[in-house]
Amino acid sequence: SQQGEEDPQALSIQEGENATMNCSYKTSINNLQWYRQNSGRGLVHLILIRSNEREKHSGRLRVTLDTSKKSSSLLITASRAADTASYFCATGEETSGSRLTFGEGTQLTVNP
Amino acid sequence: ETGVTQSPTHLIKTRGQQVTLRCSSQSGHNTVSWYQQALGQGPQFIFQYYREEENGRGNFPPRFSGLQFPNYSSELNVNALELDDSALYLCASSSGLDYNEQFFGPGTRLTVL
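Chains as they are written, first to last, in the numbering used here: chain H, 185 to 296; chain V, 18 to 130.
The shape of chain H in the complex, shown without the other chains:
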């Protein structure tokens, strides 16, 4: 079963704009990770945030985690056409952080 719910399901923006995707989950977690997937291919790891962290940055990516609200957000700044992909959040179990439960994903389209 899917733990995470992602919002929105689809997002279409212009190049240069920022994109924000949200993820909510239901159980206690060890970590939360964001992945990107292009056209049904393998998943690419973007960023991992531990349950005791609140914010993390990596290049144009910013992730926040609010464990009290069981939610996370992924911000992509200054988006590019190459950012067009599906984005998934995945939570690692409290007892085994490498066992991931994925959300349904957000389809991001960045128009040139």
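By construction, these hints were calculated from the structure, which means they are not laboratory data.
There's no promise every hint is true.
If we take Cβ atoms under 7 Å as the criterion, some of the chain H residues that face chain V in the derived model are [unchecked claim]:
1) L227
2) A266
3) A269
4) F272
5) F286
In this text, a Cβ means the ideal position worked out from N, Cα and C, and glycines have one as well.
Go by the hints and put chain V onto chain H.
Using the frame of chain H, we list chain V on its own:
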């Protein structure tokens, strides 16, 4: 490049047949996890292997089984294939059971007719 490889890339089978999918983990990684991703959905955890032992299983029937070998490569076997087994099968490797980053392979696209 993640270093995780999967074979075959694509596979077509008919209902009732059996299939074996293979995964070579990244060098130095002793944990392999398998996921099933149906079209338009997020991946679902099938099971995980750590140092050749199964370490956790998702909500999948026993006809889904696996192995991990001494070199930490892995196989996913599915017996008595059903139409709903059509999906992208992904394996991911990591260097332990903790919250380490997972490296995913490109996947095997299985179609059951």
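Let me make sure I understand: some of the numbered hints might not hold for this structure. Which ones are they, in numerical order? 2 and 3
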